[in-house]
Amino acid sequence: MVKDMAKDEDKDLKDDLFELFCFMLSSARGLMDEPKVYGPFRIVDSVSRLISILEKHQLADDFLVREKKKIEEGKYSVMDGEDKFREFLDGLMVDFAEELKKR
Amino acid sequence: MSSIFDVIKKRRSIRRFQRKTVEDEKIRQILNAAIWAPSAGNLQPWVFIAVREQKSIEKIKVMSPGIFDIPAAIIVVCRDMKIAEKAGNPELSIFDIAMASQNMLLMAYELGLGSCPVKSFNQKAIQVLLDLPEHIAPELLVTLGYPAEEPSPRERRDEVIFFEKYG
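Protein chains in written order, with the numbering used here: chain W, 1 to 103; chain R, 1 to 167.
These are calculated hints, taken from the structure and not from any lab test. Glycine included, every Cβ here is placed at the ideal spot set by N, Cα and C. There may be inaccurate statements among the hints.
Claimed, not checked - Lysine to aspartate or glutamate pairs mimicking EDC-like chemistry, simulated, CA-CA at most 16 Å apart:
1. R:K55 - W:E19
2. R:K55 - W:D33
3. W:K68 - W:D90
4. R:K119 - W:D33
5. R:K124 - W:D33
6. W:K75 - R:D69
7. R:K9 - R:D158
What the hints assert, rightly or not - Over the 12 Å line for every Cβ pair with chain R, so calculated as not near, a few chain W residues:
8. L13
9. L20
10. D45
11. K56
12. E99
To be verified - FRET-style restraints, in silico, Cβ to Cβ:
13. R:L43 - W:D80: 21 to 29 Å
14. R:L43 - W:E82: 52 to 60 Å
15. W:L20 - R:L92: 36 to 44 Å
16. W:K70 - R:M99: 33 to 41 Å
17. W:E72 - R:S56: 23 to 31 Å
18. R:D158 - W:L13: 37 to 45 Å
19. W:P35 - R:E58: 24 to 32 Å
20. R:E134 - W:P35: 22 to 30 Å
21. R:K119 - W:E87: 21 to 29 Å
Next comes chain R alone, as it looks inside the complex (with noise of 0.2 Å):
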């Protein structure tokens, strides 16, 4: 088993994938790893769909630019509004889809899948294509398949990081 800063530091964003489906296991581990992550007021304001039917994907994918390949599944991550609500600022909730969808992209990488988070999608027409109800809010797609290709790390800022103070 890798450690978690070797899954950390490979993962890659995957856009190219071979034409193999994913085993429903590993799906429902990766949606496994979502469900984990913390949120505020362990509100867990989201809703995850699994779309695995190639027709479904396929329109997805039109409706989405930041989709360049047909992945063998699609990971529709939304935010309930109603129980986002709750919370009092319903905003904060992103940061709760953000980490759920940051360890399904971990979960992916060791399970030997690809997957890269794509924002670049039309809200309306996915929320039309799912039969999403108003108050389930599509924010983003995390599309899954074994990987075609191998990008290189790309560079990392460590002139970020800070002790104690900033500079």
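This is chain W alone, in the form it adopts within the complex (with noise of 0.2 Å):
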């Protein structure tokens, strides 16, 4: 029963990965059409997907929880000009390289 529940959690977790990478792929294609700055937007977006799988399987920490929150808050500043979203960005390096320094 213990290994068919950690059988199911590990399709499980091979179906999100494989979901996140049909949207990697499909990001990947589509950035070849697209204005520049969907591709950093897109990076920034698959970094919140992932942190939402990780976040599912109980693996995300609590900095990572809380960037993942910053990251949905703030996103949509892409459509507010590159200089926010620009701005936005430069507070999530922040945020990670002081939490880099900790580890």
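Relying on the hints, combine the two individually framed chains into one complex.
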């Protein structure tokens, strides 16, 4: 029974990752024809989606959960112009650099 | 009933939806609005596929980086290239499906629904997922659902309007 549950969880994780790969690949293809700023947007969106998967499988720590929330709240700044979006990405970079220093 | 200008001004692109089913009657009305759009030579070079099943919506979403939430329905707006080619210049049919799509966005708003036109999706993947033959080209996705957000209106550039001459 425990083994079956672990198998189900494994499959679930694989399905979640497979969907993420579909998203990343369709982003890669789409970006050939889309505005330049969509590139960083798709990457940051991928980070958020990956953290969601980790969270769902109890693999995300508090820092990542906090950053995911920040990404979700700020990612649409891409529509307010490049300066705002750059500022948002810089903020994330400062957070991650500070976290990296601690690890 | 709202005036047409109210509907045009108040419609927003809605990207977050409530987990609530949209009535088939409303979807039908939206599709009806689409087929009443003008088209070059009245060729009506379009095909609309309403996707309502959750599993199919999720599959379309993973191949569509421009969809950020799970909508209640997705209208896949396609060009029928066999019909479009009858116009001489098949590229003209892009205008036709754009006008049909705008009709849908406005109708959706009038019915209390949110919608968003999405071009960021993988055409080949959608063709495979929906069993579309080669001549039916998916060009735009229109996501539909009850809104879970109220975006503020974005500024409009009124300096683009001229009378008689440019400048």
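Each hint, compared with the structure:
For the proposed pair R:K55 and W:E19, the alpha carbon gap of about 13 Å is at most 16 Å, so the pair holds. With a C-alpha separation of about 28 Å, the suggested pairing of R:K55 with W:D33 is violated against the 16 Å cut-off. Between W:K68 and W:D90 the CA atoms are separated by roughly 15 Å; this keeps the pair inside 16 Å, and the hint holds. Our distance criterion of 16 Å between C-alpha atoms is met by R:K119 and W:D33, whose separation comes to about 11 Å.
With a C-alpha separation of about 14 Å, the suggested pairing of R:K124 with W:D33 holds against the 16 Å cut-off. For the suggested pair W:K75 and R:D69, the alpha carbons sit about 14 Å apart, so the restraint of at most 16 Å is met. Simply put, R:K9 and R:D158 have alpha-carbon atoms about 14 Å apart, close enough for the 16 Å limit, and the pair holds. Residue placement check: W:L13 keeps its beta carbon more than 12 Å from all beta carbons of chain R (closest about 15 Å).
At the 12 Å boundary, the C-beta of W:L20 falls inside the reach of chain R, the nearest C-beta of that chain being 8 Å off. Residue-level check failed: W:D45 sits 7 Å from the nearest beta carbon of chain R, not beyond 12 Å. Every Cβ of chain R is farther than 12 Å from the Cβ of W:K56; the closest lies at roughly 15 Å, confirming the non-interface assignment. Listed as outside the interface, W:E99 is consistent with that label: its C-beta sits roughly 26 Å from the nearest C-beta of chain R, beyond the 12 Å cut-off.
The given range of 21 to 29 Å is broken by R:L43 and W:D80, whose C-beta atoms sit roughly 39 Å from each other. Range check, R:L43 to W:E82: about 40 Å between beta-carbon atoms, so the 52 to 60 Å window is missed. Between W:L20 and R:L92, the C-beta spacing of about 38 Å keeps the proposed range 36 to 44 Å intact. For W:K70 and R:M99, the hinted distance range of 33 to 41 Å is satisfied, since their beta carbons lie about 40 Å from each other.
A C-beta distance of roughly 25 Å is found between W:E72 and R:S56, which places it inside the suggested range of 23 to 31 Å. Evaluation of the 37 to 45 Å hint for R:D158 and W:L13 yields a failure: the beta carbon distance comes to about 52 Å. Evaluation of the 24 to 32 Å hint for W:P35 and R:E58 yields a pass: the beta carbon distance comes to about 26 Å. Roughly 29 Å separates the CB atoms of R:E134 and W:P35, a value that falls within the hinted 22 to 30 Å.
Distance hint for R:K119 and W:E87: a CB-CB separation of about 26 Å, consistent with the stated range 21 to 29 Å.
The earlier numbered hints that this structure contradicts are 2, 9, 10, 13, 14 and 18.
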